[in-house]
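Asks: Residues per chain are reported as follows:
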Amino acid sequence: MARRQPEVVVREAAGTRQVIYLVTQTLNGLFSAALLFLIASGLTLAFGVMRIVNIAHGSFYMLGVYVAYTVAARTSSLLAGTLLAVLVVAAVGFLMQRLFLRRFAAQPLAQMMMTMGFALFFRDAALMIWGGDPFTLTTPRWLAGSMEAGAVVFPWYRLFVILVAGLVGAGLWIINDRTLIGARVRATVDDPEIAAAMGINVARLSGGVFAVGAALAAFGGVMGGPILGGYPGMDFDLLPLAFVVVIVGGMGSLKGALIGAIVVGMIDNFGKALVPELSYFTLFAPMVLMLALRPTGLYGRA
Amino acid sequence: MAERSATRAWRKPVIALLVAFLVFSPPFLSAYWVGLLTQVVILGILAMSLDLLIGYTGLPSLGHAGFFGVAAYGVGVLSTTYHAGVWTSIAGGFLAGTLVAALFGLIVSHVRDVYFLMITMALGMVLWGLSFRWIPVTGGDNGISGIPRLEGLIGLPASGPVPFYYVALLVFAACALLMALLVRSPFGLTLQGMREHEPRMRSLGFNTWLHGYLSYVGAGAFASIAGIMWAYYNGFVSPTYLDLTASSELFLMVTLGGPATLVGPVIGAGAIVILKNVMSAYTARWLLILGIVYIVTILWAPQGLWNLGQRRRA
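Chains as they are written, first to last, in the working numbering: chain A, 1 to 302; chain B, 303 to 616.
Keep in mind that the hints were calculated from the coordinates and are not lab data.
These figures come from a predicted structure and were not determined experimentally.
You may find that some hints are simply not true.
List time: in silico SDA-like cross-link candidates among lysine to any residue, alpha-carbon distance up to 20 Å [claimed, not checked]: (1) LYS272(A) - VAL428(B); (2) LYS578(B) - ALA125(A); (3) LYS578(B) - ILE591(B); (4) LYS578(B) - ASP124(A); (5) LYS272(A) - TRP436(B); (6) LYS272(A) - ILE437(B); (7) LYS272(A) - PRO286(A); (8) LYS272(A) - PRO438(B).
Partner residues are not named here, just some residues of chain B that face chain A (Cβ under 7 Å, in silico) [unchecked claim]: (9) PRO362; (10) MET427; (11) GLY431; (12) SER550; (13) LEU592; (14) PRO604.
DEER-style ranges, computed between Cβ atoms [as the list claims (entries may be wrong)]: (15) GLY131(A) - PHE538(B): 26 to 32 Å; (16) VAL164(A) - ASP415(B): 33 to 39 Å; (17) GLY166(A) - THR542(B): 36 to 42 Å.
Note that beta-carbon positions come from the ideal geometry of N, C-alpha and C, so glycine has one too.
Make the full structure from the sequences, and use the hints.
Replies: In structure tokens form, the structure reads like this:
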């Protein structure tokens, strides 16, 4: 009997380790979900209002990190970097919509190809301007270190990102559900032609929504910056993830983007931890399942 | 109608000139240019196969380079790791690409338009991720090198760029003929009917799901043939064959040349291949240029070069 004692202890320790592992991975998954939500909410809004598949959305995310990095390096202020990144990318998005995409309203394929041209352009321009060296943004000092709750250790910064994404989500929801602008956006998502007939300036609304979507992607990039950093190719790395979120959640739906982000964030995280070789398959499995059951996604409309 | 045929009158002489150039010029060209022409005919097969989807069926696939890549990897793995014979490697590559298309087709064939676009792109990324991460089989980022030359294996007396070019040209001609027959067949006409108005075709009694599915698998099969030739042409395979940049370059070939013409995409492939190689002599900024070509094409020639001077289709 005496000999068996240590075995039980080990088994208990293994059990606790599994719980810790589970909690940590869940928190990591929520962190991924938070970033994905920030980025995909912009994509889904732009799709809802303009019916546009924006291949350049990953580029906005990439440009956000790079601009923030440059500004933060010059001014040593992460806040200034964040603000400027969001503003610059919003302006880029606005101009892109005004000068190029608007001419091709109701031609989804032409619009998609236009954004594809911009995606390739931005990708190479970023390489030309910033070079190919990867970097990470510095974590703000007041968010350094980790939270320790019992045996679970989790970085404060990641918790902060989850919180910020939650706040942004709440803000978007209030704007979308409780304001006149939100009502116009929802009307346009439902039926752009009728919305226009009711006196909504769909062209101006599209420009605004596209700019906000670009800003959200840039903000997501900056928020992920201290952990995921910036590197050439990050735009096309992210794009399929954002697409899966939007497909699972339903195009044009904020609620769908939230649920989709959590599903994809969790699955991606656990998939990478458990079967790293198959991480792409575990990621696309929910999308395939969703398409088989509900082609328009959880909250999408046909 | 008269006006329309007048605007099309330049087409036949141009085709005759292009065919004559493809058939007779290589012996008089340098090895470098024969190499470029070989790329043009192989990627021409690939661009025509995508045209079956984009132009004729109205399915904008953004992951088409995936089947091309899978077939190339099939040849690479079989002929190096397993030292398989040339016909086994070719058959294996063809089957691999086509079977993946048959599998993916089950997923994508009941969605349309932007959904189709996003899903094919995501699936294309799955294949790219596999080529990049499944290192024991694919060699990861390094790819697979040492694929033997095709000419000797299939019993040609001579080897080198020109003999290989003529093999590629022969394959190209066979594929072009098959695809041209396909789009003129009742099957191809049904696809074009679906492109114009799918619900109407369905109410006329056509099984539009099956037609869409077969079109997707067929396009994947032709893309696989191009992938096999590409693997033998380069002697190696790498993940860049099937990444998103490859799929978008391919998409541009079809759009730039003119969808639903088969000839247009080949011209698009030629324009992109030659532009890419000429430009890379001066600058490393190929993607930047490609992006600009994309934007310019959509702004000024949205129907493609081969359709210039024609009325826009709504």
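Asks: So which of the earlier hints does this model not fit?
Replies: none
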